[in-house]
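K.L.:
Sequence:
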Amino acid sequence: MLSDEQLNDAIAISQASPGPLGLYVVIVGYLVAGIPGAIAGVLALASPAVLAVPIARGVRRGRASDIRGASSGIVIAACILMVTTEVQLVPTAMPNTTFALIGASALFALAVIRVPPLFVLLASACLGLLIG
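Under our numbering, the first residue of the sequence shown is numbered 1, with each subsequent residue one higher.
These are computed hints drawn from the structure, not numbers from a lab.
Please note that the accuracy of each hint is not assured.
Unchecked claim - Have a look at the derived ranges for each label pair, beta carbon to beta carbon: (1) ILE76 <-> ASP4: 23 to 29 Å; (2) GLY69 <-> SER105: 21 to 27 Å; (3) VAL115 <-> VAL83: 32 to 38 Å; (4) GLY69 <-> PRO95: 15 to 21 Å; (5) GLY69 <-> LEU122: 38 to 44 Å; (6) SER47 <-> ILE76: 19 to 25 Å.
Heads up, the beta-carbon is just placed ideally off N, CA and C, and yes, glycines get one too.
Given only the sequences and the hints, what does the whole structure look like? Please build it.
P.N.:
Next up, the structure:
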């Protein structure tokens with residue numbers, strides 16, 4: 001089983017590198033099950049592209065409204081899953097008030113000021129190093 005701390009580490013590593021979602025899936029797979037888990041992560045990442053072909057054919061055959069409806073439902077479910085996961089990880093990621101303030105500042109910088117994520121990650125990493 002993957003601990004909250006390992007999951008936080010995987011998220012941090014994947015967000016700091018190119019292709020964060022792909023790397024995240026592979027890292028989590030590796031942490032959970034080693035090489036077979038990483039391979040499963042790669043396969044899970046490639047599956048949507050493989051499924052896109054039959055979906056595209058369905059759109060061409062006049063079922064575009066069905067596809068749009070399904071896509072909207074999937075997007076909503078994915079957002080809910082991400083929020084639920086993040087809420088569960090907050091206590092591990094922000095063990096004290098200082099780190100909670102860094103997290104709140106990062107959220108404000110990203111959502112309100114629209115600072116590029118790379119700058120927010122770098123600033124948060126520097127603050128984390130200074131605080132220890």
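K.L.:
State for each hint whether it applies.
P.N.:
Here is how each hint holds up against the structure:
1. ILE76 <-> ASP4: 23 to 29 Å: Given a distance of about 25 Å, which is inside 23 to 29 Å, the answer is holds.
2. GLY69 <-> SER105: 21 to 27 Å: With a Cβ separation near 39 Å, GLY69 and SER105 fall outside 21 to 27 Å, so the hint is violated.
3. VAL115 <-> VAL83: 32 to 38 Å: 21 Å, violated
4. GLY69 <-> PRO95: 15 to 21 Å: 42 Å, violated
5. GLY69 <-> LEU122: 38 to 44 Å: At 40 Å between Cβs, range holds.
6. SER47 <-> ILE76: 19 to 25 Å: 20 Å, holds
Hint compliance for this structure: hints 2, 3 and 4 are not met, and every other hint is.
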